[in-house]
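*Asks:* One line per chain: the protein sequences are H and X, in this order. If you count by this note's numbering, then the first sequence holds residues 257 to 446, one letter each, in order. If you count by this note's numbering, then the second sequence holds residues 257 to 446, one letter each, in order.
No wet-lab data here; the hints were simulated from the structure. Incorrect hints may have been included.
Since the list gives no way to pick one copy over another, a pair counts as held whenever it fits inside one copy or between any two copies.
[Said to hold, decoys possible] Dumping the calculated DSS-like pairs for lysine-lysine here, alpha-carbon to alpha-carbon at most 30 Å:
id : residue 1 : residue 2
1  : Lys396    : Lys430
2  : Lys393    : Lys294
3  : Lys307    : Lys354
4  : Lys354    : Lys396
5  : Lys351    : Lys430
6  : Lys279    : Lys396
7  : Lys307    : Lys430
8  : Lys279    : Lys320
9  : Lys322    : Lys279
10 : Lys307    : Lys404
11 : Lys393    : Lys268
12 : Lys279    : Lys351
13 : Lys327    : Lys294
14 : Lys354    : Lys320
15 : Lys332    : Lys294
16 : Lys354    : Lys294
17 : Lys279    : Lys354
18 : Lys307    : Lys279
19 : Lys327    : Lys351
20 : Lys307    : Lys268
21 : Lys320    : Lys396
2 protein chains.
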Amino acid sequence: MARNKAFDPEEKLEKARDLFWEKGYNATSMQDLCEEMKLNRASIYDTYGDKYALFQQCLQNYAKEKLFDYKQCCEKVSPLSAIDSIIRRAVHNRKEGKSCLMVKTSFELASMDEGIRHIVQEQARQSISVLQELLEKAQKMNEIPAEKDPATLAQFLYASFSSIWLMDVLFGDKAMLDSMADHILYSIRH
Amino acid sequence: MARNKAFDPEEKLEKARDLFWEKGYNATSMQDLCEEMKLNRASIYDTYGDKYALFQQCLQNYAKEKLFDYKQCCEKVSPLSAIDSIIRRAVHNRKEGKSCLMVKTSFELASMDEGIRHIVQEQARQSISVLQELLEKAQKMNEIPAEKDPATLAQFLYASFSSIWLMDVLFGDKAMLDSMADHILYSIRH
DNA sequence: AATATTTTGGAACATTCATTCTATTATTCT
DNA sequence: AGAATAATAGAATGAATGTTCCAAAATATT
Chain H
257 MARNKAFDPE EKLEKARDLF WEKGYNATSM QDLCEEMKLN RASIYDTYGD KYALFQQCLQ
317 NYAKEKLFDY KQCCEKVSPL SAIDSIIRRA VHNRKEGKSC LMVKTSFELA SMDEGIRHIV
377 QEQARQSISV LQELLEKAQK MNEIPAEKDP ATLAQFLYAS FSSIWLMDVL FGDKAMLDSM
437 ADHILYSIRH
Chain X
257 MARNKAFDPE EKLEKARDLF WEKGYNATSM QDLCEEMKLN RASIYDTYGD KYALFQQCLQ
317 NYAKEKLFDY KQCCEKVSPL SAIDSIIRRA VHNRKEGKSC LMVKTSFELA SMDEGIRHIV
377 QEQARQSISV LQELLEKAQK MNEIPAEKDP ATLAQFLYAS FSSIWLMDVL FGDKAMLDSM
437 ADHILYSIRH
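Between the sequences and the hints, there should be enough to build the whole structure, so can you do that?
*Replies:* Structure (C-alpha cells):
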C-alpha cells in the first residue's frame with residue numbers, strides 16, 4: 257500500500273557527514289544540508305530528527321568507519337607495521353584541509369556539550385584500545401622496548417592524529433606531515 | 257573638551273578573548289559579548305569594529321601573550337630545560353577544558369577562512385622558530401642527539417600542543433597529560 | 001482503480017543573529 | 001557655564017536560523 261523510501265538514508269547521511277566535516281557543526285545550516293543531501297527539509301527531519309540528532313548520527317557513522325579502518329590495518333603480520341600503516345594511511349588519505357571530524361568536533365563542541373563529548377570519548381577509547389593491543393603484542397615480539405608503557409604510547413599515538421591534522425590545516429605540506437609521522441613512529445621504538 | 261574612555265580597551269578585549277576561547281567563534285553571540293565585557297553594543301562596535309574584527313584582535317592578543325610566555329621560558333640556562341618548561345607550563349597552567357585558543361580556532365575556522373588562517377599560521381611560525389632555535393642550541397650543547405633535525409622536532413613539538421589539548425578536552429586527566437609530556441620530551445632526546 | 005504512504009516544494013513561524021540608529025546621560029576641557 | 005565627545009539603554013532592522021506544517025505529486029501495494 258505504501259510508497260518505498262526513494263533514497264538510501266545511509267548514503268544521504270554520508271553526504272551530511274561530509275558537509276559537517278568540512279564546515280563544522282555551527283557553521284553548517286539546515287539549508288546547506290538540504291542542498292548537499294538533495295533532500296527536502298521535511299524528509300531530513302522525518303528520517304533523522306533535528307540538526308543535533310543528525311549530527312550525532314554523522315559522528316557515529318564516522319566513528320564506525322574509522323574503527324573499521326583501524327581493524328583492517330591490524331591484519332598485518334607484524335603489530336608494529338600495523339601501527340605504522342594506521343598512521344601512514346591517515347596522512348596518505350587526507351583530503352585537502354579537511355582534517356578529522358572527531359578532532360574538529362572535539363575542539364568545537366566536546367568541551368561544552370556533554371552528549372557530543374560522550375560520543376567522541378567513546379570513539380577515542382576504542383581507538384586507543386586497539387592501539388594498545390597492538391603495542392602490547394609488539395612489545396612481546398620485541399618490536400618495541402620492554403620499558404615502554406603501552407597505555408601511554410597508545411594515548412600518545414591517538415593524540416598524535418590531532419598533531420598531524422593541525423599541521424595539515426595550517427601548512428598543508430605533505431612532506432612536513434611525513435617527517436612528523438617518521439618522528440612519531442620512531443619515538444615508540446626507541 | 258572630550259570625555260575620556262571610561263574603560264580599558266585592552267582589558268575588555270581580554271574578556272572577549274576569554275569568552276571566544278571558551279565557546280568558540282560561531283557559538284559566541286554579540287549579546288554574550290556585551291554581557292561578558294559589560295559594554296554596550298555601540299561601544300564594542302565603536303572600539304573594535306564588527307564581530308569578526310573583534311575576534312581577530314582577540315587572536316592577536318592571545319598570540320602576543322603566548323609568545324611572551326615562550327620567550328620567558330627561554331631565559332633558562334639550558335635550552336633543553338627551556339623546552340621542558342614550555343611544555344610543562346602548558347600542562348600546568350591549563351584551565352579546565354579550555355584548551356588553547358589557537359588550536360581551537362585552527363580547527364574551527366582556519367580551514368575555511370583565509371584571514372584567520374593567516375593569523376594562526378603566523379603565530380605557529382613564530383612559535384616553531386623559537387622552539388627550533390632552542391633545539392639548535394641544545395644540539396650544539398649535546399643535550400639532544402646530533403642526527404635529529406631541529407626543524408622537524410620544532411614542528412613536532414608545536415603540534416604536540418594540539419595532542420595535549422585534545423586529550424585534556426576528552427579526558428581531563430592531568431596524570432595522563434603528564435605522562436604524555438614525558439614521552440614527548442623523551443622523544444626529542446633519544 | 002483505489003488506497004496508503006513517501007517525497008517534494010514551499011509557505012509559515014518564532015527565534016536568534018549581527019548591525020545600525022536614536023535619544024539620553026555623563027564627563028571632560030576650555 | 002558651555003561645547004564636545006563618550007557611554008548607555010534600548011529600539012529597530014533585516015537577514016538567517018531551526019523547525020513545523022500543509023498541500024500537491026509520486027509511487028507502491030491491494
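*Asks:* If a hint holds in the structure, say so; if it doesn't, say that too.
*Replies:* How the hints compare with the structure:
1. For the homomeric pair Lys396 and Lys430, the shortest alpha-carbon distance between copies (29 Å) is at most 30 Å, but the shortest distance inside one copy (33 Å) is not.
2. In the homo-oligomer, the alpha carbons of Lys393 and Lys294 never lie at most 30 Å apart, since the shortest distance is 47 Å inside one protomer and 57 Å across protomers.
3. In this assembly of identical chains, the alpha carbons of Lys307 and Lys354 lie at most 30 Å apart whether taken from the same copy (21 Å) or from different copies (25 Å).
4. Proximity of Lys354 to Lys396 under the C-alpha cut-off of 30 Å is found in neither arrangement, the shortest distances being 37 Å within a copy and 39 Å between copies.
5. In this assembly of identical chains, the alpha carbons of Lys351 and Lys430 lie at most 30 Å apart only when taken from the same copy (11 Å versus 33 Å across copies).
6. In the homo-oligomer, the alpha carbons of Lys279 and Lys396 never lie at most 30 Å apart, since the shortest distance is 43 Å inside one protomer and 45 Å across protomers.
7. Proximity of Lys307 to Lys430 under the C-alpha cut-off of 30 Å is found in neither arrangement, the shortest distances being 34 Å within a copy and 34 Å between copies.
8. In this assembly of identical chains, the alpha carbons of Lys279 and Lys320 lie at most 30 Å apart whether taken from the same copy (21 Å) or from different copies (28 Å).
9. Taking the shortest Cα distances, Lys322 and Lys279 sit within 30 Å of each other both inside one copy (19 Å) and across copies (27 Å).
10. Taking identical chains as interchangeable, the C-alpha atoms of Lys307 and Lys404 are never at most 30 Å apart, the minima being 44 Å within one chain and 48 Å between chains.
11. When the C-alpha separation of Lys393 and Lys268 is checked against a cutoff of 30 Å, the pair qualifies neither within a copy, at 39 Å, nor between copies, at 54 Å.
12. In the homo-oligomer, the alpha carbons of Lys279 and Lys351 lie at most 30 Å apart both inside one protomer (13 Å) and across protomers (27 Å), since each shortest distance falls under that limit.
13. With identical chains, the CA atoms of Lys327 and Lys294 are never at most 30 Å apart, being 33 Å at best within one copy and 52 Å at best between copies.
14. Taking the shortest alpha-carbon separations for Lys354 and Lys320, both the intra-copy value of 18 Å and the inter-copy value of 28 Å come in at or below 30 Å.
15. In the homo-oligomer, the alpha carbons of Lys332 and Lys294 never lie at most 30 Å apart, since the shortest distance is 40 Å inside one protomer and 59 Å across protomers.
16. When the C-alpha separation of Lys354 and Lys294 is checked against a cutoff of 30 Å, the pair qualifies only within one copy, where the shortest distance is 22 Å, while the shortest distance between copies is 37 Å.
17. Taking the shortest alpha-carbon separations for Lys279 and Lys354, both the intra-copy value of 9 Å and the inter-copy value of 21 Å come in at or below 30 Å.
18. Taking identical chains as interchangeable, the C-alpha atoms of Lys307 and Lys279 lie at most 30 Å apart whether they share a chain (14 Å) or sit on different chains (19 Å).
19. In this assembly of identical chains, the alpha carbons of Lys327 and Lys351 lie at most 30 Å apart only when taken from the same copy (21 Å versus 35 Å across copies).
20. In this assembly of identical chains, the alpha carbons of Lys307 and Lys268 lie at most 30 Å apart only when taken from the same copy (14 Å versus 34 Å across copies).
21. In this assembly of identical chains, the alpha carbons of Lys320 and Lys396 lie at most 30 Å apart only when taken from the same copy (29 Å versus 48 Å across copies).
In the structure shown, a violation is registered for the earlier hints numbered 2, 4, 6, 7, 10, 11, 13, 15, in ascending order.
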